[in-house]
Structures are given as C-alpha cells and as structure tokens.
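Build the full structure now, drawing on both the sequences and the hints.
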Amino acid sequence: MRELGVGIGWRSEIDITVERLPGVDFVEVVAENLNPDQLPESVVVLRERGTPVLPHAVSLSVGGAEPVDMKRVEHLAKLAYVLDAPVASDHVCFVRAGGLDSGHLMPVPRTKEALDVLVENVKAVQANLTVPFALENIAALLEWPDAELTEAQFLAELTERTGCLLLVDVANMYANARNLGQDPEKLLDDLPLERLAYLHVAGGEEHHGVYHDTHTHPVLPEVLDLLSELVKRTRPPGVLLERDGDYPTDAELAAELQAIRDRL
Amino acid sequence: MTQPQRDRLAEQQAQLLRALLADGPPPPGFDPRRLDVEATALRSKRRRVVAMIQPDVCTDLEDRFVPLFAEYARAHPRTVGSRAREDAAGFVEWLRENGHLPRVKWWRRRATKSR
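Listed in order, the protein sequences are those of chains A and B.
So in the numbering used here, the last one in the first sequence is 264, and the numbering has no gaps at all.
So in the numbering used here, the last one in the second sequence is 379, and the numbering has no gaps at all.
Treat the hints loosely; a few may be bogus.
What the hints assert, rightly or not - Covered, in the sense of this in silico footprint (three residues per stretch, anywhere, with C-beta under 8 Å from a C-beta of chain A), are these stretches of chain B:
#, segment
1, 286 to 300
2, 303 to 312
3, 343 to 349
Think of the hints as simulated: they come from the structure by calculation, not from any bench.
No residue lacks a Cβ here, since even glycine has one placed at the ideal position from N, Cα and C.
Quick look at the structure:
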C-alpha cells in the first residue's frame, strides 16, 4: 500500500469541516451514500486538491451465505474508479440472511465452511474491482459457538487465499477485548500485518456494562494505546478517524487527528 | 463449489437473525445474555433511524417510545430491500392502528391540507 497518512471519514454533515481541517491527508466515504455519477461538490473539491478519497462499503455482506449482490459490487467498483481510489473496502461480516436485514454488521462463524464461502464471495468482488480490496475486522457483541479458527487465523487465511488487504480497526479490537474478553495484543501479534491497507480509529462509550463502538464519542486513550501497540509491530500506511454523529467543534476534531498523529 | 457449505451457513445465519430480530428461538450454543445484548443494540440502532425520520411522533410518545418501538420491531423485523422511510412510516401506522396515537383532529387535518 502506498502512504496515506492521517485521515477522517468524510460525511455530508461535516463536509466543509473536512475540507478545511488541517492535517487531513486522505478521506473515506461510505460507498452506499454516494452516487458515482453525481459526486458531492465537497468530494470533487478534495479530489481536485489531490486528497485520496477511499470508498468504504457496508452492505456487500461478503460473509453472508448468499453470493454477493453484483449491483452492490458494481456500485463500489464504479465509485472506486471515478474517485481514482487506491483501495476499496468492506467488512468481514454478513448483514442479511433468511430474508431479514439486520441493519448492522454481524459476525460470521469462524469455521472452515464459513471461510470457504467468504473466500468465494471476496474473489467475486475482486473480479469486478479495478483496485485492491481490503476487509475490516468488526466489533461484535456476540460470538458464534464452535469456532474452529481464532480471529487472527481466520483473517490470515482469508488474506492468503484471496490476496485481499486488511483494514484493521483498532477501536473494534478494543471493543471485542472489552465485551468478549479477547486479547487485542495477541491478535496484533498473530495478524498478517504485512497485508495492512490502513487503520480505523473511533470513539465509543460504555452503556449498561457493554462497550459500544458508537463513532459519536471521543476516542478513548485506551484505543490510542492499542494504536501505539500496533505501531510497535509495523508502520501503518494510514490511520483514519471515523466520526458519524454528535459532531464536535472543528478544533476538537483537529485535536483528535493530532492525537492520532502523535502515536505514529 | 461451495453450495452445501452455503446452504448450511444460510440456515445458521437465518436462525441467528430470527432470534435477534423476530423473537425466534435462541440458536443452540449461543450465550443467551449476549443474544439479548445484540438484539437490544440492533433495535436501538433501528430506533434511532426511525426517530430521525419521524422526530415529532417519537418525541410525543415520551417514555413510551422505547417500549412501543420494541414491540413494533419484534413483530415487524426489517426485511431485505426495505427502506428506512418505509420502516418509520410503518411504525407510525402501527401506533395508530393500535391506538397509541391520538386520532387526527379535524382542524389539524384542515391545517395540513391548506399547506
């Protein structure tokens, strides 16, 4: 992966903020919210300035049992093409099953069977993209029984069999450590970090004893500590702050970006 | 060829979503407390979207909003291809059908019409 630097998720609510914030080396857009034939003016401005804009999808459901929906893949492919993006991404998850839509990213069982299906789906996406495809680890609130592989083994085998890159979300790793008792440092030790596309960092809060990766709260120092742990092991090509609501002042966002930069 | 794998995975995933979204039985092997946490989180996310689309109706319900939405959501899980706006409209319709909203008064109707 080429060097990306420090970035922030572009959202229409903070478009002007993102344009004028100091120290934004790249941005990410939610693929489903953009029309490739009619890009928002702010995104065009960023592209004209040479700021990389990376499409990040949330609905491909590559971990789902059904073959991927080619319309969704084509949308992502077209967006990546018009943005001239260095990479496009989605999550290791499923969102639809049995005619129901969960409305959120659901974990897949870490079985060899589920991995076979995931690999086939990811290859179908890659065959239709003109840019590398990266997959992100999610924050899960529950675990499937009878896992045959650890999360690191599952992701390592996925990258090995498909050649996909990893979008490592350290806030999600932190959430899983808090909620599911996973060991985030062990996960960092075992992940194929040489396949790293970039990182996500985000804020969250605890509610009734459960940590929620809300993207609407400040980033916790513990999440930044995990970023530092990762930096000890490898130099990440990029780190992106995700903020999806309860937007703070521009100064506070700039301070969060600086806090990330200070850890690199 | 991954068809047999796909079929088994489809059933596992559908069972999980039925349990989380539509009051289905808990799938074997899952921690029931974790299923509760996940079901609540998914419902909260859905509720926040509906509250954004229908702020007046949801605010007017005050303390009844959260429990009523839970009741509605369990009986009407989001299906593939459904839109958030349809969900919000469906909630309002369900509230009205079940007598949780006051009947629209004639003067309010007129006011709406003349706009």
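Here is what the structure says about each hint:
1. Taking a C-beta to C-beta cut-off of 8 Å, the segment 286 to 300 of chain B contributes 7 residues in contact with chain A, enough for the three needed, and the coverage statement holds.
2. Three residues within the 8 Å Cβ limit are the bar, and the segment 303 to 312 of chain B against chain A gives 4, so the coverage statement holds.
3. Against chain A, the segment 343 to 349 of chain B contributes 4 residues with a C-beta closer than 8 Å to a partner C-beta. That satisfies the three-residue criterion, and the hint holds.
Comparing the model with each earlier hint shows no violations; every hint is respected.
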